[in-house]
Every structure is written in structure tokens, then in C-alpha cells.
Amino acid sequence: MKLKGKRLILMALVILSLGLSALAFAQDPTGAKTLEANPQAPVDYVWVLVCGFLVMFMQPGFAMVETGFCRAKNATNLMAKNLMDFVIGSLGFFIIGYTILKGADKFGLFGTGPFFLLGGQYDVGKYLDFFWQLVFCATAATIVSGAVAERLKFSAYLIYSAAISLFIYPIYGHWVWGGGWLSQLPFGMGHLDFAGSGVVHTIGGMVGLAGAIALGPRFGKFAKDGKPKAILGHSMTLAALGAFILWFGWFGFNPGSTFNAHHLRISVIAVNTNLAAAAGAFMALIIVFLKTKKWDVGMALNGVLAGLVAITAPCAWVEAWAAVVIGLVAGLVVVLGVYGLERLGVDDPVGAVSVHGFNGIWGLISVGLFADGTYGNYATTEPFARGLFYGGGAGQLIAQLIGAATAAIWAFVMGYILFKVMDAIFGIRVSPEEELKGLDIPEHGTPAYPDFYTMNK
Amino acid sequence: MKLKGKRLILMALVILSLGLSALAFAQDPTGAKTLEANPQAPVDYVWVLVCGFLVMFMQPGFAMVETGFCRAKNATNLMAKNLMDFVIGSLGFFIIGYTILKGADKFGLFGTGPFFLLGGQYDVGKYLDFFWQLVFCATAATIVSGAVAERLKFSAYLIYSAAISLFIYPIYGHWVWGGGWLSQLPFGMGHLDFAGSGVVHTIGGMVGLAGAIALGPRFGKFAKDGKPKAILGHSMTLAALGAFILWFGWFGFNPGSTFNAHHLRISVIAVNTNLAAAAGAFMALIIVFLKTKKWDVGMALNGVLAGLVAITAPCAWVEAWAAVVIGLVAGLVVVLGVYGLERLGVDDPVGAVSVHGFNGIWGLISVGLFADGTYGNYATTEPFARGLFYGGGAGQLIAQLIGAATAAIWAFVMGYILFKVMDAIFGIRVSPEEELKGLDIPEHGTPAYPDFYTMNK
Amino acid sequence: MKLKGKRLILMALVILSLGLSALAFAQDPTGAKTLEANPQAPVDYVWVLVCGFLVMFMQPGFAMVETGFCRAKNATNLMAKNLMDFVIGSLGFFIIGYTILKGADKFGLFGTGPFFLLGGQYDVGKYLDFFWQLVFCATAATIVSGAVAERLKFSAYLIYSAAISLFIYPIYGHWVWGGGWLSQLPFGMGHLDFAGSGVVHTIGGMVGLAGAIALGPRFGKFAKDGKPKAILGHSMTLAALGAFILWFGWFGFNPGSTFNAHHLRISVIAVNTNLAAAAGAFMALIIVFLKTKKWDVGMALNGVLAGLVAITAPCAWVEAWAAVVIGLVAGLVVVLGVYGLERLGVDDPVGAVSVHGFNGIWGLISVGLFADGTYGNYATTEPFARGLFYGGGAGQLIAQLIGAATAAIWAFVMGYILFKVMDAIFGIRVSPEEELKGLDIPEHGTPAYPDFYTMNK
Amino acid sequence: MKKIEAVIRVEKLEEVREALEKSGYPGIMITRIEGHGKQKGLIQQFRGREFKLELLPKIKMEIVAKDEDTEKIIDTIARTAKTGEVGDGKIFVYSVEDAIRVRTGEKGEKVI
Amino acid sequence: MKKIEAVIRVEKLEEVREALEKSGYPGIMITRIEGHGKQKGLIQQFRGREFKLELLPKIKMEIVAKDEDTEKIIDTIARTAKTGEVGDGKIFVYSVEDAIRVRTGEKGEKVI
Amino acid sequence: MKKIEAVIRVEKLEEVREALEKSGYPGIMITRIEGHGKQKGLIQQFRGREFKLELLPKIKMEIVAKDEDTEKIIDTIARTAKTGEVGDGKIFVYSVEDAIRVRTGEKGEKVI
Ligand SMILES: Nc1ncnc2c1ncn2[C@@H]1O[C@H](COP(=O)(O)OP(=O)(O)O)[C@@H](O)[C@H]1O
Ligand SMILES: Nc1ncnc2c1ncn2[C@@H]1O[C@H](COP(=O)(O)OP(=O)(O)O)[C@@H](O)[C@H]1O
Ligand SMILES: Nc1ncnc2c1ncn2[C@@H]1O[C@H](COP(=O)(O)OP(=O)(O)O)[C@@H](O)[C@H]1O
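From first to last, the protein sequence lines are chains U, R, X, S, C and L.
Using the working numbering, you'd call the opening residue of the first sequence number 19 and step up by one each time.
Using the working numbering, you'd call the opening residue of the second sequence number 19 and step up by one each time.
Using the working numbering, you'd call the opening residue of the third sequence number 19 and step up by one each time.
Using the working numbering, you'd call the opening residue of the fourth sequence number 7 and step up by one each time.
Using the working numbering, you'd call the opening residue of the fifth sequence number 7 and step up by one each time.
Using the working numbering, you'd call the opening residue of the sixth sequence number 7 and step up by one each time.
Hints should not be assumed to be uniformly reliable.
[As the list claims (entries may be wrong)] Cut-off 16 Å, straight-line C-alpha distance, at most; resulting in silico cross-link-like pairs (EDC-like, lysine to aspartate or glutamate):
#1 S:Lys78 / S:Glu17
#2 X:Lys242 / L:Glu20
#3 R:Lys51 / U:Glu400
#4 R:Lys242 / C:Glu24
#5 U:Lys311 / C:Glu56
#6 C:Lys46 / S:Glu27
#7 L:Lys78 / C:Asp104
#8 U:Lys239 / U:Glu453
#9 L:Lys28 / S:Glu20
#10 X:Lys247 / S:Glu56
#11 R:Lys239 / L:Glu56
#12 C:Lys58 / S:Glu20
#13 S:Lys58 / L:Glu27
#14 U:Lys455 / S:Glu20
#15 U:Lys247 / S:Glu20
#16 X:Lys455 / L:Glu21
#17 X:Lys247 / L:Glu20
#18 S:Lys28 / S:Asp75
#19 C:Lys58 / S:Glu27
#20 X:Lys245 / S:Glu56
#21 S:Lys113 / C:Asp81
#22 R:Lys245 / L:Glu56
#23 X:Lys239 / S:Glu56
#24 S:Lys46 / S:Glu56
#25 S:Lys58 / L:Glu20
#26 X:Lys455 / L:Glu20
#27 L:Lys44 / C:Glu27
#28 R:Lys311 / L:Glu56
#29 R:Lys247 / C:Glu20
#30 R:Lys239 / C:Glu20
[Stated by the list, open to error] Some but not every residue of chain X turned toward chain L, in silico, with C-beta under 8 Å:
#31 Asn395
#32 Ala397
#33 Leu454
#34 Lys455
#35 Ile459
#36 Gly463
#37 Tyr471
#38 Met473
#39 Asn474
By construction, these hints were calculated from the structure, which means they are not laboratory data.
All C-beta atoms, glycine included, are put in the ideal place defined by N, C-alpha and C.
Given only the sequences and the hints, what does the whole structure look like? Please build it.
Next up, the structure:
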């Protein structure tokens, strides 16, 4: 009994301090006061940081997938873009993006407060949150490079990178994760997006769609009769490496989004993440095999990513078999998306729109269907999210549909305006000669593989 | 004094709750009850998950080593195999493999219970264990792709992947880690295999040997007089990258196998893992240098992996100098293995059998020699494992030899039957023309490096 | 109140045990006593180990950057060097290096004690410290391979690797981190180098400079009139991958250097690390663009690393905006360094001297300027480090300058003697024919890319 | 029989081949070469340092044709490969003594 | 002196070279080319989309031989390179005016 | 017009090209080939197993020159490509029937 009592007190302490941990003792740059207030904080900090490192490591994952799926003559350019979106994203998010996302809410629309992490934000908890939000923002930013690959000017990409990290991402992020209007929808528990199927992937994917449309297809993508032609990537090994790195990094992305190691639910999230990825790859491989009688690795890699994107929103709220189902559907969505966009004349060199844009939407919707009432709003205490199939009614589903539509429209419209305005001012597409020669030498002076005999296709 | 008292109580609480943590409060999908029962659980969950992520990241390590050591014309195929064994492995292990491995023991032979993680398995602790076991199973599965590279049909590989994750691996795993008969041998502490030199590596390596024998050597591997010829891999950079990734991932594999961060012994395990890898590489480099006067990087990379495989079983039970000795012997074993198999006419394109099969056996045996009585059966409390050189007598060694022989025979026989049956039904080897052209285009339609001028050897 | 009281006791326990944790209960190979003494130890062990794994993973980062920036004909050789410096480094540091670094201080100059981790060092805490120090030592070792790339004999590199891990690194490390004279300078808090801008990077970079000078430039680097010529690397994708891996690994390097997860300051360190890297890349990209009107990715990648190296010393003592400034200056330093060394006729194929040597120095100095009094000497309790700009006077700056000069001189002189002595005895440079053909085949027998048509430049 | 050997720009390969396809040609060998002629070298850059690449990537096409078809093929190539800028390339013509079709062993002009 | 120029299948390179080795030949130059003749293009596929590769990888071998050896070498190549399927390739013969051995500076047929 | 076809060592490319640059030449095509002649194969090694590479990487240079320039160009190449060791390579000379400059459509010796 005595033991039990001590234990309850200990528990109480833990729970209490967790409750306070978010913003308690603000402006504690040293961290000593925060630790005193919450002696259990170290494991949370370790968890969040390590997961954040994994999310950052998704950057080379994207870089490798994109360059692997594009031609050797644009490989340097893709490295440049994937590097600089993270660089510009980091700086832009530091300057103001973070404030817009997580500052004091104004009208449910955006956050306000001091910029540059100044003004009372020099605090271990604040910095932890900033780090986490930053790597997520940068992930959204880097998605777009694939959709606009092999033809967008580098200078336009730098400006785009600034725009997405300064406001396109932070504003939508605020609506969902910063206390904005979507999080307060009067349906279900409000719009729910656990790790960002919508905030990160739909936003990235739909800005990418806008970019791909604004740019038009690459030279040679469509025959004169409009029939799509395949343009092969230059390295299946790098593409596969990239997909594996992303899969690995996603274990930071999803489980880390509890922002709290005391939610032991993290194990369920990890399992769901893995199973959805596997199911996505399996489905994509099988569908294309039925169509072409070939085991298409490129599409299977897209299937992995599709499964990962789709499970990102629901991962904390569903159980294993549902994760498999969500992944299987994701594999279907990505295949249909890739074929469908080609039919519409849109050229998305790496499948970014189908992977991130469409499956981000599917992921959001799936929360409204499969949420099974075992996890709350980043909380292990009631209320728990419950979808249509688990007796939760249509409320959550409606909230999800509203959020998904908002994400898609916001990102597409902002992206389209951005690219069109840039295009009107200075032209966003490289010249036809540069496109034919590849962007590496005209834009960067540096061919990616000068020691190898390469073909120019 | 008072302080001391509180401390003891705290300790007691911790130890108590750790004892219970494994299965206590089953069916706690939310994780709140588990946390209440064991407030120290978060650091264990974080440890196991992060280590599990690292183990998953070994997948691209294998992919890069194998593709680097094989020819460019089969690179897409190797990506496909290394991807799909993880995909099929994840799904197969989810469907039934996990139940066979960890379900309620029947006759010491296999586990039983509900499949698909259903039936009371929706529990944070269960899911954690599932995740950990899954990434290990997938590692065993992916080892084989190297031994059968450049000639096995992709469809046969899909079936093999299902077979190993559905029953070949789970059944043997049950014998050692699921409470089966090997763990209950009346010698020493029963058969001990800390992180799976046997369960994962001997199993994978010996199924690989069976596959390599069933398939026969690649065209051109042996001259008409039977003399082995070298077939160079296509990228030493990718091979080295892969070996480094594996080395990195092994820090999840071995230290994470405590399944418990409260075993501070994890630091010893990390040191041993690193030193054995270094010693293995050193030895392999030196031996081949003495023979050929060239610094053979390919063999040194194999030496790294050999050291890692060998230390996998004993890593928790030995001290640093012993790890170095175990690694040095592993370096010797892999070199002798590679030359020996070639002499026997077996073609193992990447050295998987010598690295994983033979050194898995050596690792198991070394436990019986070097275990020094400082760590128990996944426990920091007595009884501790003790080998021949540390006054433990021959008991543990006998248990190790029985386990090693069992692993080798089980895996080889099951593998051989599997490949031979498939061969009888639909033929497991691609046609000679496909082999000459490389598997990438006939099987997948996609060459790995279409922008580069490549040679076909 | 009652609650508060309990909490304070708990706190006291934590702090007490932390204080003891470093060496308390030495020779506890099992770890049970250490855990009993400090029930909070697991999270620290997990943190240090996971960060240590990330530091180890920097090895392939270096390997990929170096090989990407060098020619295909030396790619196997660079893999061999980057592998074997870690192998030899691990073994050498195990044999004696660790004792010199962390053994009982003698005259403030070096440590003494038993070698081979023997003699009472079989202890979980000791092994943890050994692991951490080992991966740092190996990082210093691997820096040099870039500066001496494409012309140093492999045998000379093996000897160099032994020398740096046996004594060059450990002795200087002892001065700063082992209680040696630099740590006891009577200025500021003594010389401060949080994660090793000096200990690791200046040492590595300046030994590299010595090697580059001793070897002379590569054939073709300078025209007959002395004008530097560009020698392109063979893979911008691998170089970028390597830089991303390093960026990722640095999140272990810097935050992990608290050696303690209870310093919640780790979040600040992570943010600073990221921002400095971004700022360094941004600055390097812009400067070269202003000069050549091309977006130079190679220099931007160097800029990333420059920012990371520079922030390594100050990361724990500064705030975010200062990290950005430090990174921007680092970007400038690396560009000036690269151009300056070329002007002086020094050939550093990958920019290792500018990245690690010069920015290591800048990083050390920046502590004396920007330290803002929020963190102590690996402690969250006073005294806190304070630089010139934060009212700390010139004391800390002087300590930093002394340390920086010492590091640069020690490393350069020892390195120069080492390479010159080896050169006198057996010649450290490959023959001109071997250099022209590339080192891969003459030294290792193995071309890196035998399936590809490569050019020999 | 003549062999027509044309050096053209890399970017023109597809266009020229399609033009030949339309106007008809017996067969082709395409080789990736590096060339140097009147065209100035290409400036490249690596880690801040510029340098001139003297040898530029070019495509060499070789077609063995019947004497009577030679003119037309040369015309087609010359027309489609032209940009008017330095570096467009050259076409050389050689005489061929004999030709054999491996598949059948036949010899002479008929195998073209 | 004649130059024998043979276009063969990539997979046949090793076999043909070994046959030549046995029957004797003076020296050889091997180039990796892409070819187009009667053989249909190869279907490849990328992310679900099929496409036809018009240019197929081929091997070009060039041997400069004494007039009297030409016949035998052509025979050897034609025999071993043959599969009977479309795409086996062709052999062309040209006359060579002179030959120089760089190592010695010697000229004429004797350097072959 | 003559075509000069020289097979040289890979390491000699830069030196030969610079010598030609100095003494003057009209244009050049450089192809990366594999060759086999008197020179012994190269021993390589992979994972402990040695093997002989029969085909060695070589450089083929082709220059179409006016008849009167042929001698000098051959001399320049032969001189700078020489090491005196087996494997230095050979130079072959062929006659060229016609030449066309794509940029202008001009024909004959003047386009060289
Ligand atoms: N006399 C020649 N011999 C061999 N190759 C030549 C000759 N002249 C031109 N070439 C090839 O043609 C290419 C284009 O020639 P160039 O002189 O640059 O253009 P243009 O034909 O417009 O004068 C060169 O890169 C070279 O490979
Ligand atoms: N007239 C030609 N000129 C140049 N190359 C040719 C010619 N005819 C055939 N070739 C080469 O030979 C290869 C094989 O020829 P193809 O017509 O496909 O086979 P077949 O010899 O069986 O008719 C082609 O890919 C092409 O490179
Ligand atoms: N008769 C030949 N026909 C075609 N190529 C040849 C001939 N003789 C030599 N070569 C080429 O020249 C290269 C060098 O020739 P080799 O006989 O090794 O040297 P050397 O000229 O010193 O006798 C060979 O690799 C081959 O490519």
C-alpha cells in the first residue's frame, strides 16, 4: 500500500510536470529551472531531438530520390535545390516563420510576437519547439523541388524557398498546429493532422502541382500527339537509397510528433508507420505488374513514400491492420495519381504531387474513418479521436475534409500566384537550350559526373 | 540516511516496475496504464525504438553493399530485392511470423496465438516488441539477396521473402528467443545468442548458401577448368557507404538488444561492437595484403561486417579485449570462407555466406569461450553467463555448439528445400540471355543508369 | 507544499547522483551499481550513446564528401583511407590513446594509467566515456584524408592514422578535455572548446595542411605559371549526400557533448548547430555567386561544413542570432581560405584545411566574443562563460586565442614532422605514373567503377 | 558503298535521327566522343575556381550507305544538324570496300 | 592493309574476342556504341510508363589486318557473332593507306 | 584529305593534345575505347581474387587533315605519345573522299 502511495505521488508529479512542461518557466536558457520543474523532461528532450535529427535527415532522402529519378545533366542542380531549400528554409523560419506558426494567435489566422527567436524566447523549451517546427517546415519546402525539377531557374527556387518558409507553410501550419481556426472546427475534435499529412505533405505537394502547371512539361515529356513519354532517371540505386533514408527519417517524423516520450503510444505509431509504407510499396508494385508485367521498382519506391505520407496524419489514432489498409489505398492513389496527371498533361518528374499532395489528402481523410478512440489530441487522456468506422459518426470526417480541402486550395493558390508572379517579372523557366543541355553547367558551372561518359537525353 | 531510504524505495519501484514492464497491463493501446505502472518506461521505449530505427536503416546498408559488389546491369534488380524483402517481410511477419516467434509456446517448437496483432495485442508494449522483432526478421531476410544475386528470378525472391518471414526465421527464433527448446538446453544457461549471430545471421547466411548452391554459379564465375574468376562490383563507393551504414545500424542491433535502457551495460556493448568491427577489417586487410600485396578494400569491408556479425552474439557478455580477439578471428574466418567457398565451386557474389553464415557460427561459439560473468540472460542480476576461458567450464560452450549446429542445419535444409521446390515448379534461375544482359531490363524494364555508358561484362 | 517537498527531494537526488555519476562506482561492468547510485543514468546513457552513433556515422559523410570532390580514379583509395583511419583509429585509441587523453594527469601534459581498457576500467561509465572519446578521435583522423587525397601512399596513411590516434590527438585532447594545462589557463574559465572546434577540427585540419604542404600539389593543379586550375570531383551527388550526412551526424557531435541529457540546454545547441550550418552555406553560395555569377554547389557544401565546424566550440554558450553570425563569418572564412591556399600554392583537394583548420580557429575565437553567460563548463550551474560582447571582458578571448594558437601549432608541427620523417624513410607520395593512372589500381587492385566508361583527367 | 561520318552537337542527336528516320537510312552507329575544332572551350567551375574544358562532348554518327543514297543522307544530316553557330560539326565521307551481314553471311551492297 | 569494322551484340563480345584470340589477330579497338538497324527498339519502363529505346547498345570492333588475313578474321567474327536473330550486326571493310607503330616509329604493313 | 587515326595511352591524351595545339591541327575526335594488342593484360583484384583484364582502356584520336599536313601531325603524335614501352599504340591513315561543314554547307578540302 505504502508502495502504491509513493507510486501515485510519483505519477502525479510526472503528470503535473508534463502538463507544465510546454511553456512553464519560459526564458530559461540554461535549462536548470525547467529540469527542476519537470525532472522527467530529459527523456522528452532526448526523444524530440533525436526524432528531429531523423526528420532533418530526410533532406538527403529527398535529394537522392529526386536526383535518382531525374537525369544526370540536372543532378548538380537538384543537389543545389535540395540543399538551399533547407538553408533558406532554416533562416526564413528563424527570421519570422516560426513566429507566424506558433506566436500568439490573431483571429485564428496567424501568430504574432518577436522575430529571430528574440524577446523572451531564449528558453530551452522554446528552442526545442523551434527546432522541431523548423525541420517540419523544411520538409514541406523540399517536396516541391521534385515537381518542378529539370526546368525551374535556380534563382526562382531560392525565392520560392523563402516564400514557403516565411509564410505559406507557417500560416497554414498555424491554422492546424498553432491554435488557428482549423484546429477549432466544431466537428469531431476539430481538424486533426497528427504529424502533417496535410500541413507538410499536402502543402508541399500542392505547391509543387502549382509549380509544375505554371512551368509546363519538360521538353520531350509529351509527344506531339500529347502521349506521355517516359523520361528515365539516372540512378535507381540513389533513388532507392533516398527512399530508404526517407523511410528511416519518417520514424522521427511520425513517432516524434508526440513531442513527448511519456506517450508510450510511440510504439504503436512506429509500427503503423512501417506497415503502411510496406503496404504502399506492395500495392504499387502489384498494380503496375498487372498492367505491364514488369516489377516496377520506381513505382514501388513511390509506393513506399505514398504509404508513409498517408499514415502521417492517422498514425497515432489507428491500429496496425488499419495502417495496412491505409497503406494499400495509398499505393493505389499514387499509381492512379501518376497516370492521371500524365493524362492531364502535367509533368511531375518524380511523382511528388501524387506522393505528397494526393496521399496527404488521403491521409487526412483516413483519420475520419479509422481513428479508433485510443489516443487524444497529442494526449493519452480523453477525449480520444474516433472516426466513422469506430462509431465516431461523421463529425471527425467532416473536419478532416474541410482541412484537406483548405490545405489543397491554400497551397495550390498561393503556389500558383507565387510562380506566376515570378514568371511575369523575370521568367521562371530556363531557356530551351539550357534545358536541353541540362541545368548543371549553365546555372552552376559544375557537371555532376565529369569523369563519366554520360548521354544527354 | 533519510535520503538513502528514499533512494532505496525509488530503486525498488524502478526495479519492480521494470520486472513487470514486459507484459504487465497488456492491452493498453493508449500507454497510460503502462506508464503508470512503470514511470521509468519512457526511456526504455525511446531506447528500443531508436535502436529499432537504426536496425531498419541497415536495409539500405545491405542494399548498397550488395549493389556495389555486383554489376551495374543488375543494380535495379538488387534494389528491388532489397526493398521487397523488407516489404514482404514486414507484412508476412505481421500476418503470422510474430505469433510463431513470440506466441504461447507449444512443445518448445513454435508459438501460437492470434495473428495480425489482433486479439488483445493492441498494447504499447506488444507493439514495441513487435517492432523490434520485425526489424530483426527483415535483416535475416535481406541477407540472402546477396548470395543469390545476379541470377535468381524476382518472383522466386518474392516467394522466398514470404517463406523466411512467415516461418523459417520465426520458428528458429522461437527456439532461442521465444522460450523454445534451445533456450532451455540443460547446458550453461541454455543456448545464448544476445543479438542474433545465430538467429539472424547464421539463418540468413545459411539460407543464402542453400540458394547459391541450388542456383549454381553465375555465368563466367568459374573458368572451364573450374578456376574461380573475379567478377568486379560496379561501385566501391556505394559498397563502402553500405558497409558504413551497416556499422552505424549495428549500434542499434547490438546495444538495443538489451530491450532496456536501464541495463547500463549498453555502453560496454557499443564499445565491443565497434572494436570487433575494426579488428575484423584490420585482419581481413592484412591477410589479403600478405597474399596479393594489394590493399583490398572489398575484403576489408567484408571484414567489417564479419567482425560485426561475430560480436553480435557475445557483445553483452565479453569485455573489450575479447571483442578485439573475436573480431580478429572473424576477419580470418571471412577470408578463409570466401576463398574456401570459391574452391568448392560455390558462387556467393557478395560474400554473404562467409560474412553472416560462418561468422554467425563463430560468434555463437565465442560466447562459450569468452563470456566473463558480468551479464546475465538480458539481466543485470545473477546468474551471469560464463565461458570456458573464465572458469565457466564447457557447459555454455556445448549449448552454443548445439545452437550453432541447429541454426546452420535448420536454415540450410529449409532453404534448400524451398529453392529446390520452387525450381521444380517454375524454375528459379533467369534464362542465360537474361543473365548475360542483366536482370534489370527483362525483369523490371528499368536500367539502373540509363544516362551512363556502361559495359556489360 | 507536501508535493513541493517531495519534488525537492527528488531533485536533490537527481542532482546528487548526477554529480557522482561521472566516476562513481568505478569498475561496475554490469551497470547495476551505477544505476542504483543514479537512477536517472539511463537517459544520459541513451543520449550519449545515440549521439555517439551519430558521430560515428560522420565517417561515411567524410568518405562521400571526399570521394565526391575527387576523381573517379581515386575513389577506391578514398574509401580505403576513410575506412582504415576509423579502423586504425579505433584500435590505436583503444591501445593507448584513451589513456593519454583521459588517464591520470601528469604535469598538465598527458594522462597515464593502464592501457587496453584494462586495470579497473571495466566499468559501464568508463566504457561510455571511451566510446564517446573514440568517435571524436576518429573524426579528427578522417579529416586529413581529404587534404592529402589523390597522391598520398596508402601505407603512409596507415602509419599517419596510427600516429594521430595514438598520440597527436590524445595529447592535445588531454590539454583541453583531460584536465591539462589549457583547461587551467588563468583567463576566463580557462580555454573552452565545447565540442571540439579546436580539439577535433583544428587538429585534423592543420595536420592536413602539413600533409598537403609536405606532399606538394597534385599533378595538374597549378599551371606552369603557377595559376591554380580546377580539378573537378567525380560526383556532386555523393558529395552532397556526404555533406548532409555530416550535418546529420553533427547533431550527435554538438548536442551530445553535454555528455548529459539532464542539461536541457541540448535544445539550444541543436538549434545553434543547424542555424550556423545554414548561414555558412548561404554566405559561401552568395560570395562565389558575386564573383563568378554561378551558383556554386561545391562551395556551398563547404560552407555547410564551415558553419558546422565554427559553431562546434561555441554552440553551448551562445544564442541563435549569434550562431547565425558565426555561421556567416564561417562561410566567408572558408571561401577566403580556399582561394588563399590556392594562391599560396597549397593543394587541398576537398577544402579540408579551410573548412576544419581555419574555421576551427574561428570557432574557438567566437567563444571569447559571443558567450552569453547561460551555460557553464559542461554545467548548468555557475560559473557561466561570458565573452567580450556580453560583458565578460577579454579574459575568455585570451584563453581562446592561446588555445587556438596552441592547437594550430601543435598539429601543424607534429603533422609536418610525421610526414617529413615518413617521406625521408620510404617516400610518402605515389609515383607520377600511379598518380596519373589513379591510385585505385596500383594500390588496391580495384577500380571503383569498372562497369562505367570513365575519363582519366 | 560509302561511309558517312558526321560529328554533330549532342543536343541535335534526337532531331537528326528523327529526320533520317523519315527520309530513310539503312542503319547507324552512334558514338559519344569529345571533340575540338573552331568552337571555344566550355567554362566550368568547381568550388569557386573556373576552368576551361577544351574537349567538348559531341556525337559521331556513322552510316554506311549505297552510293546513290549518300547525297540524300548527307543533305538530311547537314540540314537538321545546323544551328549556324560555331561547333555545328562536320561530315566526312569514305569509301567502303565490302560489307557482310552477320546474321546471313551475305556480302556486298545488298546487305546495306 | 584493311580495316575490318564489325558491329556485334554486346553479349557476344567475350565470345568473339576469344575466338579471335584462338585464330590469331593483330590487335583490336573496341568501342561501345549505340546502333539502329532492322532490329526493333527495346521496351523499357520507368515508374509505370513504358517507352521504346530506339538506339540499342552495340559493340564496334575494329581490326587493322594484312590483306591476306582479312578473310579469316571476317569469317571468325561472322561465325561467332551469329545468333540468326535480327540485330546480329554487320561487318564493313575499308582500305588502309599506312600504319605507324608509335613505340618504334616503324611504318607500313610490318607494324600490323 | 586523310584521316589520321591514332590509338594512344590514356595518360598521354593531355600531352598529345597540347603538342598538337602548338603545332596546329584542324580538329579532332576523341573516343574512349578498349584495346588489345601486344601489351599484356592488367591484373586487377576484387575481394581477394585476382583476375586479368584483357582489354585495356585506350584513347582513339581521329583527325581529318589536308594531305600536306598529314606527315607533320603523324610526327607530332608519334613523338609525344611514345614511352618506348609495349602498349604505346598505333597510327593508321585512311583516305577521305569528301568533307562537309555543317554550319555553312561548304564542301571539300577547304572545310578542313
Ligand atoms: N578536321 C577535323 N578532324 C576531325 N574532327 C573534326 C575536324 N574538324 C572538326 N571536327 C569535329 O567537329 C566538331 C565541331 O567542329 P568545329 O570546328 O567546332 O565547328 P564548325 O564545324 O562549326 O567549324 C569538333 O568538335 C570536332 O570533333
Ligand atoms: N548501313 C549501316 N550503317 C551503319 N551501321 C549499320 C548499318 N546497318 C547496320 N548497322 C549497325 O548494325 C547493327 C545491327 O544491325 P541490324 O539491322 O539490327 O541487324 P541485322 O544485321 O540482323 O540486319 C545496328 O544496330 C547498327 O548499329
Ligand atoms: N592491328 C591493329 N588493329 C587495331 N588496333 C590495333 C592494332 N594493333 C594495335 N592496336 C591498338 O593499339 C593498342 C596498342 O597496341 P600494342 O600492340 O599493345 O602496343 P605496341 O604498339 O607497342 O605494339 C592496342 O590496345 C589496340 O587497341
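Taking the closest Cβ pair, is alanine 397 of chain X under 8 Å from chain L? Hint violated; alanine 397 of chain X Cβ to chain L Cβ min 50 Å, cut 8 Å.
CA of lysine 46 of chain S to CA of glutamate 56 of chain S, is that 16 Å or under? holds (15 Å)
Assess, step by step, whether the Cα of lysine 239 of chain X is no farther than 16 Å from the Cα of glutamate 56 of chain S, and give holds or violated. With a Cα-Cα distance of about 12 Å, the restraint between lysine 239 of chain X and glutamate 56 of chain S holds, given a limit of 16 Å.
Quick one, are lysine 239 of chain R and glutamate 20 of chain C close enough, alpha carbons at most 16 Å? holds (14 Å)
For the restraint on leucine 454 of chain X, tell me whether the closest CB of chain L is nearer than 8 Å. holds (4 Å)
Going straight from one Cα to the other, do lysine 247 of chain U and glutamate 20 of chain S come out at no more than 16 Å? holds (14 Å)
Holds or violated: are the alpha carbons of lysine 239 of chain R and glutamate 56 of chain L at most 16 Å from each other? Status holds; Cα separation ~12 Å.
Restraint outcome when tyrosine 471 of chain X is required to lie within 8 Å of chain L by C-beta distance: Since chain L brings a Cβ to about 5 Å from tyrosine 471 of chain X, closer than 8 Å, the hint holds.
Holds or violated: lysine 247 of chain X with glutamate 56 of chain S, Cα cutoff 16 Å? holds (7 Å)
Hint consistency between lysine 245 of chain R and glutamate 56 of chain L [alpha-carbon to alpha-carbon, up to 16 Å]: Satisfied, since the Cα-Cα distance of roughly 11 Å is no more than 16 Å.
Would the pair lysine 455 of chain X and glutamate 21 of chain L pass a check requiring their Cα atoms to be no farther apart than 16 Å? Judged against 16 Å, a Cα distance of about 14 Å means the pair holds.
Straight-line Cα separation of lysine 58 of chain S and glutamate 20 of chain L no greater than 16 Å? Judged against 16 Å, a Cα distance of about 14 Å means the pair holds.
In the structure shown, a violation is registered for the earlier hints numbered 1, 9, 31 and 32, in ascending order.
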